[in-house]
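Novice: Model the placement of chains X and R on the given structure of chain P, informed by the hints.
From first to last, the protein sequence lines stand for chains P, X and R. For the first sequence, my numbering begins at 1 and goes up steadily by one. For the second sequence, my numbering begins at 1001 and goes up steadily by one. For the third sequence, my numbering begins at 2001 and goes up steadily by one.
Calculated from the structure, these hints are not laboratory results. Keep in mind that this is a model prediction, so the values were computed, not measured. Here a beta-carbon is modelled for each residue, glycine too, at the ideal position from N, C-alpha and C. Mixed in with the good hints there might be a few duds.
As the list claims (entries may be wrong) - Result set (SDA-like, lysine to any residue): computed pairs, CA atoms no more than 20 Å apart in a straight line:
| no. | chain 1 | residue 1 | chain 2 | residue 2 |
| --- | --- | --- | --- | --- |
| 1 | P | K138 | X | G1310 |
| 2 | R | K2583 | R | T2546 |
| 3 | P | K133 | R | R2537 |
| 4 | R | K2369 | R | P2402 |
| 5 | P | K224 | X | G1310 |
| 6 | R | K2577 | R | G2389 |
Unchecked claim - Facing chain X, according to a computed beta carbon distance under 10 Å, are these residues of chain P, among others:
| no. | residue |
| --- | --- |
| 7 | L102 |
| 8 | E151 |
| 9 | W220 |
| 10 | Y221 |
| 11 | D389 |
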Amino acid sequence: MSPEKKPCKVNFNGKELPAYEGQLAIEVARDNGIDVPHYCYHPALGNPGNCRMCVVEVQGAPKPMVSCRLPVNEGMVIRSDSEVARRAQTSSLEFHLVNHPLDCPVCDQSGECGLQDYYMKNGRYESQVRKDKVHKRKRIQAGPHVMLDQERCVMCTRCTRFVDNVSKSHDLGVFQRGHKQFIDVTPGKTLDNPYSGNVVDVCPVGALTDRDFRFKVRVWYLDKTDSVCPGCARGCNISVHTNTKRPWHNGGKRVGRLKPRYNPDVNGYWMCDEGRYGYESVAGLDLDRLGRVMRLSPRQELSWDAALGELAGKLKARGAQTAVAASGMLSNEDWAALKKLSSAAGISRFFFAAEPDQVGEQDELLRRREKVPNLKGAEAAGFKSEGFDALSRDLEAGKLRVLYVVERDLTRVWGDRAKALLSKAELVIFQGPRKTGMADLAHYRLPATAYVEEDGHFTNFEGKVQRYFQALKPLGAARPDWRIFDDLRERLS
Amino acid sequence: MSETTETGRRRKSYLLNMGPQHPAMHGVIRLVLELEGERILKSDAEIGYLHRAFEKHAETEPWNNVVPWTDRLNYVSPLINNAGFCLAVEKLAGIVVPERGQYLRMITSELSRVTDHLTCIGASAMELGAFTVFLYLIKAREYIYQLVDNITGARITTSYTRVGGVKGDLPEGFAERTREVFQKVRQAIKDSDLLLTKNRIFMDRMEGTGVISKEEAAAYGITGPFLRSTGVPYDVRRAHPYLLYDRVDFEVPVGTTGDNFDRYLCRMAELEQSMRIVEQCFDQIPAGKHSLEVSEMKDAFVFQDMGKGGQTALLKKYMAKVDQTLAESGRNYRPDILLQNPSFVMPAKEDTYGNIEGLMNHFETVMWTWGIKIPPGEVYSAVEGGNGELGFHIVSSGDDRPYRVRCRPPCLNPMAALEKILPGSYVADIVPTFGSVNMIAGELDR
Amino acid sequence: MTTQAKETIFTLEQERALAKWTTYYPYPIMGLLEAMRQVQEWHLCIRPDDEEYLARLFKTERNHVHNVATFFPSFTEKPAGRKRLGVCHGLSCAMAGAGKACDSLKERLKVSEGETTPDGEFSWEELECIGACDQAPAFQVNDVLQGPATAENLDAALRGQPLPRPQARVDLASATTRVLTQHFAEPKLHELATYRSLGGYEALAKARKMKLEDLAAEVKKSNLRGLGGAGFPTGMKWGTVPPVEKAPERFVVCNYDESEPGCFKDRVLGERAPHQLIEGLLIACHAISAKWGFIFIRGEYAAQAKIVQAAIDEAEQAGLCGDVKVRLMRGAGAYICGLDTALLETMEGKRAWPRQPPPFPTVVGLMGKPTVVNNVETLSMLPHIVKNGGDWFAKLGVEGNPEKRFNPSGGTGVYSVSGDVEKPGIYEFQMGTPLRRIIEAAGGIKGGRMLKCVIPGGTSTPPLTAAEVEVPMDFDSLRGVGSFLGAGGIIVLDETRDLIEAAHNIERFLTHESCGQCTPCREGSEWTTRILERILRGGGVATDMTNLQRIGENIAGRVICALGDTVGMVVRGFMKKFPEEFKRRLPEAKS
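The shape of chain P in the complex, shown without the other chains (with noise of 0.2 Å):
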C-alpha cells in the first residue's frame, strides 16, 4: 500500500464511484458491490490475469481489457455489462468449458461452481464443440485432505500461488505446456502442509475438492452460520455449514463442513486444517454426546432440577474444598456465570491452563500453541489458573473433596493416573458436551451444549472478542455451561 492513495472518481457501469489512482478496476467493482466475472484474480493471491474472464470495455480502449490488471484513473469510464463485455466475458467462458468433462452429477462443487454460475448469468449460448475432450488424470489423492481432478481445472493458478506464496509447502505445481498442461501435486511430495484445505476454498471449479465432504451432501442443502472455530486461540472467523433438514444425507451428521469467513484483523482468507476438519466439530460432533442428566450412584437419570438440587445441597459449605477444573473452552459468557458462581459457593482454586494436553503446533500463519479458543476470556474475566500438578497434589492430600471438570478432559491431563485421582475426591461432577473418558469417573454428569449448539463469545490471543452464533439445536438436555452454572447459583442461595 503506497503512503499516498490518492481518492478519484470512476464511472462503472454508468455510476459514479471512488476508487484511488492506480487501484485495480476489479476491486473498484468489488467495493462496491458489482460483481465482474472471474477466475485467477484473488485479492491475497494476486492477479496474473490469465483467465481472461474479468474483461471489461474501456473507453477509448480499442479492445475489452482484463479489469484484474487495470490500473484506474480520475474519470474512467468503464462497463462490465454493455454487449462487448458480455460478449468477450463470454467467449472466455466458452473457451474454459471446450474441454470441461460433463461432471456436474458427480462433482461437489455443483451449486458453487464458477463456471455453473457464470454460464446461467452471462453464458446461456449453445455449445458449438464437436469435438471428443482432452482428457487428463482424474480422482487423484492429492493429499489426506484434498482430492484432485485434473480434467475439471480451468489453470487459473490460484492453488499453486498459494502453496508457493502462503502456505510456503509448494507441494503442488503446473506441469507439461499448452492444452496438455495440468495442476498435479509436486512429485516426491504430498499435499498434506498444515493449510491444505485453503486450496479447496480458492479453487473456482471442481478440480480441488475436499476429501472429508466428498459426495456427503450437495451443497444447496446446507444452511450457513457464522461462527468461530474453537481449535486454537488465534479464533479464525468461519462459517458453519449444517444440514439438518435431511438427515438421510452426510451420514445423519449435522454439521456438512466449516469454511473460513474473511476478516482482515484474524485469519485472512484462510483457516488450518486441524481447525477445518476438527473431528469434534464436524465428523464426531454428534457422536459420544452426552445427553441425559446422569446421577452415577446410584445410577439414575435426573431432571435438571433435581441434579442441580441435588448438587447445590452437596456443594454447600464445601467451597473451600472444592476445585474446577475447566478448559479455554468455555465462552465468556460461561466465565462470567462462573465467576458468579465461585462467589457465591466460595470456590477459590482453578485449573485450566492449556499444558500439558491442549497445546500444539504453532507458526507464523494461523496455528497458537494453545489449542483452545478463550484462555484470554478467562484471563479478562479474573481468573487464575494453577498447575495440574497442584491438583492431583491437592487430591491426594485429601485438601481437596469435590472436583467440578467442565470441558476438560483429565484422562488426557493425567493418562492412567486420573481414575485413581479422581476416586480420591468425594464428589466429581463431569459437565461437556461429550464422554470421553471422564463419562464413567464422574458421580454426575450434565450435559453442556457444543459450541455449535449456543451463542457466545471467544477473545482470541489478541484480545479481540468475537461472537460466535447457534447453528444447531442442542442435543438431548443439553444447556449451555453459563445457564447451568446461573441455575446452580441460585440454588444455592
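Specialist: Leaving out everything else, chains X and R in the frame of chain P:
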C-alpha cells in the same frame, strides 16, 4: 323466531345441517339451513373442508413444482389450471410460448372444459333422478379422459404445462382419434338433450329455481356460465384473449333468466363450442419438427456414457432415444413445445447428456439455490375456467420460487351468492341450484 | 522422499560442472536451464533425483524445477536415445514430404514417435520448425542439423555417421545493395582475422568514441525496425530505457530463438557471420551502458551455438569485448521463447510464460532490471549503421508518409525463401522490394507450376493470394493487404497445395507451442486444430466456417501475447483470402 300461521299455530324455524357428508354436497361443503318446513329462511355455507394450503405450499416450491399443485385445484378441468398458472408466470417473466405449444395448451384446455361441463351436467341430472343421463355423459367423459391420458399420461393429475411451454406433444394419430371421440360425445350430448331439455320433470325442477339477477351476479363478482345465464356475455377468452383464442371462431352462449335451466343450456351449448375450438386448432396448428426426418438415434444411456467419457465429437449428429416417461424432451420435439430460453427451461436431453453447457443449464434450472428466476414484480392473469374467471395473482421476489400465489377461484362467488339465492326457495331446490354452481371443492377451498 | 547418496547421481567432475552454472551468469538461478540441459545430455532424461539435486543447487523448489523440466520438450522423463533424431514437420518440411520420412523411420527403427529403441541407441521425434526450411524435409540428430531426410541421409544417421553441416544457399547476385550478406562470398567470414580484414570491429571502436546521444540519434535516424517479427523501431525501444543513474544494472539480450516456421535467416547469419552479430551486440551494450550481453540461441541450433561461442572466445581473447561479458544461453525447444518477455522468463530459470506489460522489458526486464531484447538480424545491422550513418541506412529502405500514417522501414531485409521454389535460401533485398522480385530471384515456382498462395513473413502472418505478390516488402505496406512482414519467412505454395492442410499445419504448430497460460489460446488453439482435422477427414459441417470465424475473433486481442493473436488470425486469414478452399469441403449451410 316464530310467526303465527293462518290457523294461529305458532311456527318454529329449525336449523338443518346439510353436509359436509351428503350425497348432494359433492366435494365437501356444509350448508346450514334455517328452515321453516321445507322453505329456506336462511342459508349459510361453510367452506374450507378441503383446504390444503395450496397458496402457502406454492411459496415453498420452485415455480415448475407448483404445477402439480394446480392440478388439484379444479380437479375436473386440471389442464385449465395448469395453463392458467403458467400463463401468469410467463406474463411476469415476459416470455411467450412457441406457437405449437400455445395450440396444445388451447386444445387441452378445451378438452378439460368439456370434461368439466359433462361432469357438472351429468351429476346434476343424476341428483334430480336422471340416472341414464349421468351414465351417458360419464361415458362420454371417459373417452375424453382417455384422450387426455394419451397426451399427458394421466387422467386428472396431468401437470401438463411448464413455465415456457408444455411437457409433451400430441401422439400419433391424435387428431383422428379426437374427431372420432367427438362424434361419440356429440351423440351422448344429443341423447342427453333429448332426455332432459324438454322433460317435464326436469324443466319443473330447473326452470325458475336458483334465479339471480344480472346486477346481483355482477355485484357478487360471479363469472362463467352462472353469469352468462343472466345475459351478460362475459367470457375471458373474448374479453381478454390469451393464448391464441383470437384466432379461433366460437360463440359465447348467453341465457336470459339466470335460473338453473339457463345455466344448463349454457353449459350444453359451451360443450359444442369447445369441441369446435379443438377442431379448428387441429386445422391451424403448425406442424411439429418430429414430422421431419429424424437423424440417427442412440440410446440415452449410450449418450450419457459417451458424454461423461468426453467422447463428445459425434454427439451433435445424434438424437437421444429417451425413455417413454421423458418423451418429447429430445431435440427434435422440444423447440415446438417449449421456449428454448436457458434461463427458464431445461435443455433438450441431447444437450444435457452431450455437452457441458447443456448439463450445467439442466443443473442450474433444477437445483434448489438457482432454479428458474422470475424477475421481481407482481402480475394478475386470468383464464376462462369451467366455472368462470380463474385468476392467478403472482408476486415474485426474484427468487426461484414464488413469493405469493393467490388463486381466484371462480366458484367462490356463486357459493357466496347462495345466501341470496336460496332463501325463499325449497330444500328441494338446493339440489339443482347447488349442482349448477358446479362447486369443485378443490378450487373453492384450495 | 528419498535422498540418494550424491555419488550415485553425479560424479565429482559432473558436480563441479553443474556448480559452474551457478556463477556463469550474473544471477545463480539463470544457470538452471543450462544445468538441466547438461543433465539431460548425461542421463538422457531428467530423473526425480536430478530434479531434487538441481532444486538444492539452485536454491529453488522441486515443483519449480519439475515445471521447467516438463515445459520444454528438450527434457524428457524417460531416457531418449543416445542418438536422438528429430524430423521437422513444419509447413515447408511437411510440404516436402516429412511424413514419409517419419514413416520410414518408424519402419526402420520399429519404435513409434517419441519412443526409444530397446538398446537405447536411437529415438525419433516429430519436431516443429527447426529453422532449416531450405533443407526441407529437414532432420537433426542430437540438435545438430543434418540436412534433408532423404533415404541416404537417414541411412547415414542410422549408421551413426554425422553428416557435414548443410550450407545454406545465400543469394549474392540478385540484389543491388546487400548489407548483412555483402561479404558472404568469403567462406571464412566467421573467423576473427578474416572479419577484421574486411573492416570488422571498426564500427565498434567508432561507436565507443561517440557520445551516447549521438549513437542513439543515428539508430533512430536509420529507421531500423525490429527484424524478429514485431517491427518495433529500435531507436525508440532503446529510448525507453531509464537513465543509468536510476538503474545502473541493465542487460542486452540477443534473441537468437528463431522458431517461426519459414524463417532460417538467423541461423545462417549467426553461423556465417557471428562476429557481425557480436559487434552489433557490443554496440547495443555500449549504447545503453550494459555490462552483460546475452545471446539466447535456440537449442536446435547446437552447431551454430558452437560457432558463435568460438567467435565470442576469439573476441574476448582479442580484448574486443571490453568490460562487457558476453554469454550464450541455449533454449530447450519452445517457440514461445522467441517472445521477448517469455524469453526473459526462460533466462530467469522459469517456464516461458509471457508477462503482461506494462511494465515493459526495457523498464523491468531480466531479473527486474532494464533489458533491451533485439533480434539477431537487427543487432547485425548496427555495425553498418554506425559505420555508414543512419541516413544512409534509411535511404536504402522506404520513406514514411505521416499523412497516410505510413511508417518508414530502413535498410534491407534478409528473407528466408522456402516451399515450392527452385532455389530455397537466403535473399537480402532492400526494404520496399516487391515480393514477386524475391520469388523470381529464388528461381520462381518449382517445376514451372502456378503460384497459389504466399506466406510473406513466417506462418504467423496471414497468407497472400497470387494476385497480391506485387506488394512491396516493408512493414507498413504489408498491413495494407491484411498481413505483415514478421520475420520475413517467405513460404511459397503452388497450385497443387491443399490450403486447409496448410492452415491445419500452422494451427497444430501453434497448439503444440502454446504456453498454456491463458485460456483462449490454450483451449482455442486445440479446438481450431480439431475442427480443421475434422474437415480434412471429410466430417465438415455447415457451421464450421462461422464457428472458426467466431473462435478466431474471440481469441485474437483477448490473450496475453502475440502467439494467441496468431491462433485467432491464421485461419481467418486463410478463410478470407481463399474461401472456396473451405466452402468446397463443407456442406451447404441450411437456412
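Novice: Compare the structure with each hint and give your call.
Specialist: Quick rundown of the hints versus the structure:
1. K138(P) x G1310(X): Distance of about 12 Å is within 20 Å: holds.
2. K2583(R) x T2546(R): holds, 11 Å
3. K133(P) x R2537(R): Holds. K133(P) to R2537(R) sits at ~18 Å (cutoff 20 Å).
4. K2369(R) x P2402(R): violated, 34 Å
5. K224(P) x G1310(X): It is violated: about 35 Å lies between the C-alpha atoms, which goes past 20 Å.
6. K2577(R) x G2389(R): Not satisfied, since the Cα-Cα distance of roughly 41 Å exceeds 20 Å.
7. L102: holds, 5 Å
8. E151: Hint on E151(P): holds, closest Cβ of chain X at ~8 Å, below 10 Å.
9. W220: With Cβ-Cβ at 4 Å, under 10 Å, it holds.
10. Y221: With a minimum Cβ separation of about 7 Å from chain X (threshold 10 Å), the hint on Y221(P) holds.
11. D389: Given a least distance of 54 Å, the restraint on D389(P) is violated.
Comparing the model with each earlier hint shows violations of hints 4, 5, 6 and 11; every other hint is respected.
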